[in-house]
Amino acid sequence: MAGAGGGGCLAGGNDFQWCFSQVKGAVDEDVAEADIISAVEFNCSGDLLATGDKGGRVVIFQREQENKGRPHSRGEYNVYSTFQSHEPEFDYLKSLEIEEKINKIRWLPQQNAAHFLLSTNDKTIKLWKISERDRRAEGYNLKDEDGRLRDPFRVTALRVPILKPMDLMVEASPRRIFANAHTYHVNSISVNSDHETYLSADDLRVNLWHLEITDRSFNIVDIKPANMEELTEVITAAEFHPHQCNVFVYSSSKGTIRLCDMRSSALCDRHSKFFEEPEDPSSRSFFSEIISSISDVKFSHSGRYMMTRDYLSVKVWDLNMEGRPVETHQVHEYLRSKLCSLYENDCIFDKFECCWNGSDSAIMTGSYNNFFRMFDRNTRRDVTLEASRENSKPRASLKPRKVCTGGKRKKDEISVDSLDFNKKILHTAWHPTENIVAVAATNNLYIFQDKVN
Amino acid sequence: MEFKLEAHRIVSISLGKIYNSRVQRGGIKLHKNLLVSLVLRSARQVYLSDPCPGLYLAGPAGTPAVAPPQQPGEPVAGPPPGWGDPPPPAGPAAWPEPEPQPQQQPEPEPERPAESDGPGAESAESVVAVAEDAVMGAEAAAAWSRVERPRGAVTVEGSDVIPEGPRAGESQSVAPPAVCPRKRGAAGVGGGRTGCAMPGSTPLKKPRRNLEEQPAGGEEEGEEEMETGNVANLISIFGSSFSGLLRKSPGGGREEEEADEGGPEAAEPGQICCDKPVLRDMNPWSTAIVAF
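Going line by line, the protein sequences match chains A and B. Its first residue numbered 22, the first sequence is counted upward by one per residue in the numbering used here. Its first residue numbered 429, the second sequence is counted upward by one per residue in the numbering used here.
Isolated chain B (complex conformation):
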C-alpha cells in the first residue's frame, strides 16, 4: 500500500519536474530529464503492478498492465526507457509487462477490501483508494524485480513510461501523438474547465508549437537541433493532463502537497479535471494519471 502511494506521489512530482523544465532558463536539461524519466518509469511500474479494471476506461480489451507473473527472481523483459512516441511494432509489446492476462485480474481483487486500510484511506485521495488494489509485499517485491533489469538491455520495442501513453494510443488507432495533446487539451477545455481560461493555455501554445516542430525538423540539415523534442512532446502531452491532475478531481480532494509542484500553472482549485469524454479520448496511461 505504501509503495503504491509512494509511487503515485513520485509520479506526480516527476511530472511536475518535467513540466517545469520547459520554462527553466538554459533550455531543457537532457541529463536531469533523463533521470526524472527513469524515476517515473520505476514509479509507474510499481504503481501499475496491480491490475485495476477501473483504471482503464477507454482501452480495448487486452490492453496492458495486467498482473504479470510475480516472480521476483525473473529478469525483466521490458525495454529500456524511451524518449519518443513513434508507433511500436506490436501493440501488446508496448507494455513492459510480458503477457497481458486479463483473467488474472480477479485474483487480487478479493484482497482489496482487506488492504484498503491505513494510510491510503486516510489520505485525501479517495479516488486513489478506489482505483488501487492492495499492494502486497510480495507484489511490491516483484515490482522491484521488474524494475531491475539488466543494464544495457536493449529491447527496442521502444516503448516505455512516458511515451507509453501515446504509443499505446497509437496501437489502438487513436490519433497520433502530435495530435493528441491538442485534441486532449481542446476536449479538456470543452469538457471540464468551465468558467476558466486555461491558465497555462497561452504559454502552453507557443512552446508546444515550437517544441513539436523540433522533431519534425530535419536533424541532419545544417544545424542540428537539440533533440529534446521528444521530451517536449512528453511535456506537452502531460502539460494538458497535468494541469488537470492538480485540480480537485470529482472523486475527492487532492493532497495539498501535489499542488505545490504545479501551483503556478494550475491555479484554479476546484475545477473538474477531466470529463468522461476526455477520458475516453485518452490512452490508458494518461487515464491512469488522471485517475489520481
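Extracted from the complex, chain A is given alone in its bound form:
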C-alpha cells in the first residue's frame, strides 16, 4: 500500500498531493466555545483519532476497515466513542475556577484489546480505558434478563450463563485520576517509552508518574525561583525521548530547550544539553521575547531530531548540536510587521503545535485563516493549504494558497490584511505511518489524505 513507511514517496518524488477526505463537526456560524477543539492525537497504529475540546469532552474516531474491493480507497474515520473527560471545577480555597478544557491527549501503546489514553486539563490528568463490548451474558440464575433479582427460593433449576452477541458498545471508563500534583497550569503530558511512566509539565515543574500510582509523583524539574520576582521564564512544553526512557526535553518561554537525563540525578534542574539559537539583534522589537517563546516541542520518530515551534517559525534541531537548529522554516513571516496588532488582539499568545510525518521527512504546523503549512525536509519545498468547507468535495485536491505580502496582489492570493485571525489552526496531527493528516479548525476536524496515483 503506497504511503506506508517511506513518507509517502511516490514514484517520481516526494510531492504530496493532498485531498480532502472528511470533515467532522457542526457547520454553524455560531460556534459554541465548548466545541472548540483543543487537542488532536492519532494513536500508535493510526486507527484511532482522538480529539479533545474546550468543553472537556473527548471524541474518538475509528478508521473503518478498508474495502477490499477498492484497494486504493482509504478507510474513513467515524465516531467510535464520546465521553466527558473533565468537568469544570472550582477551587474554593483559592477562589479559582479550573477550566475543563482538554489541553493534551496522549495515547498509550496498545497492550491488549482495550485502548488507553491520558487526557489532561489544567490541573488533573486522567487515564481512560476505552473498551468494546460486543457480547453479553445471558441466562443468569439469580437475576432476570432485565436485571431484577430473583428470589433464591424460586430457583428450581440451575443453568450456565452463555455469551450472546450484542450490538457493539464502546465504553470509556476512568481508570486512574492523577490529581493535586500541579500548582500551575499543566501544558504537557508525555508517555515514556518504558510504557510504565509518564511526565506531566506545568509552568514551573515537571512531574514523573507511574501509570499505576496516583497518590504520588516525583518532581524531576523545578524552575520555580525562591523569590518569584526573579522569575524570568516558564516551561512551555515537555516530551520524553521516543526510545531512551531516561531522556526528556522541556522548552521554555525564552526560546530555549533543555534536554535532561534522569540517570544523572534525581532532580533534573541541571540540564544535560541546552539548545538555544542566538538572537538576531537586528530583528529586535518590543515583542521579540514573546515570539521566541516555544509553544511546542516534538521529537522526531527516529529520536535523532526534535522540532520546536515558536510564533513565526518551526525549527528542527539535531540533538547533537546545541548551538543552533539545523533547519528553520518560516511559517508566516509576513506577520512580523503586524506584531503590535497581534499583541493587541491576543493572537500573539496563540500556541501552535507542530508534528512530524511517520518517516520524519516532512513537518506540519498551523497558521491563521485556517491555513496550515507543510514543509518537506528533503525537497526543501513547502506548501500552504487551507481547511475550509469550500474545498470539501470528496477527494478534491487542495489547492496551494499564497499570502501576498506586499505590492500587487496576484489572482488567488490573499493579502495579509484579509486574513481571518479568528480562524486559527493550532492543533494538527499526522498519521504515524500513512499520509493522512487531521487538522482542527476551531470546532471542525478536517481529515486530508495524500492522493495515491
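Keep in mind that the hints were calculated from the coordinates and are not lab data. Take these hints with a grain of salt, some might be off.
[Said to hold, decoys possible] Here are the simulated DSSO-like cross-link-like pairs (lysine-lysine), alpha carbons at most 30 Å apart as the crow flies:
1. B:457 with A:472
2. A:444 with A:45
3. B:457 with A:275
4. A:45 with A:445
5. B:457 with A:294
6. A:472 with A:429
7. A:420 with B:457
8. A:445 with A:147
9. A:75 with B:457
10. B:457 with A:372
11. A:245 with A:115
12. A:444 with A:275
13. B:457 with A:423
With chain A fixed as given, assemble chain B onto it according to the hints.
Coordinates of chain B only, in the frame set by chain A:
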C-alpha cells in the same frame, strides 16, 4: 517620537491585559502574564528613555529615570523582570538606568520644541505631548540596546517594570505596597471621582483582598499557593490607577483606542482621573502612567 507613542500605547494595552487577566476563567495564567510583563518592561524602558522633569511630581530629587548614557553598544546592567515588590537593597539601584544624572536632563530639552511635531501633536494626547521629549533616533536605538540584555542576567536588585513603582515608593519611605493600592484608591475616590461610584470598586475589593492575602500565606504550609500573588498585587495596584488611566485626563482628550481595553471597567468618560493629592501619593512610575 513614534517609538515613544508606540511604547505608550503598548504600555496601556499591557496594563489592560494584566488587569483583565484577573477575571479570566481558569485563573491567572502565569505564562501569558510573564510575557506581558516583559513587553511592559521593554515599552516602559523606551518610554522612559527620555527624561522629563514634568513627569515626576512627587519623587524626591535623584529618583530615577534620567537620561542614561546613550551608548548603543553598551550592555545593560539592569535586572531581569521581577514579579514582586519587596524593598530593594538600594534605592537608586531600583531603576534600570545605571546612574541617575539629573544634570543631564536639560540637554535634551532644547530639542523638544523641534520634535514636538507630527503624530504626537496630532494625537489627542496633549498630555503626552507635553510630558514627552523628543525621541531621537539615536535615543531610541540606545533604548533598544538598553532593552537588550544578556540572557540569564541575574542582577538581583529585584527591581523592574511593574514593581518598580511601589518599590521605588518604598525606597522613598512611602507606604508599603500592600497599603498603596488601598491608599491610592481611596485618595482617588476622594480626590477625583466626583459623583460616581467606582465602577470597579466592588469587584476590585474582593479579588484584591484574596490575592493580596496570597503572598502573605505560608508557601510551604500544606497546599502550595499558586504564586501569582505578586501579579495580583501588580494588578490591584494598577487596577485603581488603571481605571483612572482610561478616563479623560484634564490635560486633554484620550485616544479612543485605549478605552476599548478597559471599557467595561472604566465606564465613566469625562471623569478626572487623578487629582494632585493623589499624584503626590503615587510613586513616579504610577505617576508616569497617570500622566498619559
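Handout entry: Which numbered hints fail
Key = Failing hints, ascending: 1, 6, 7 and 13.
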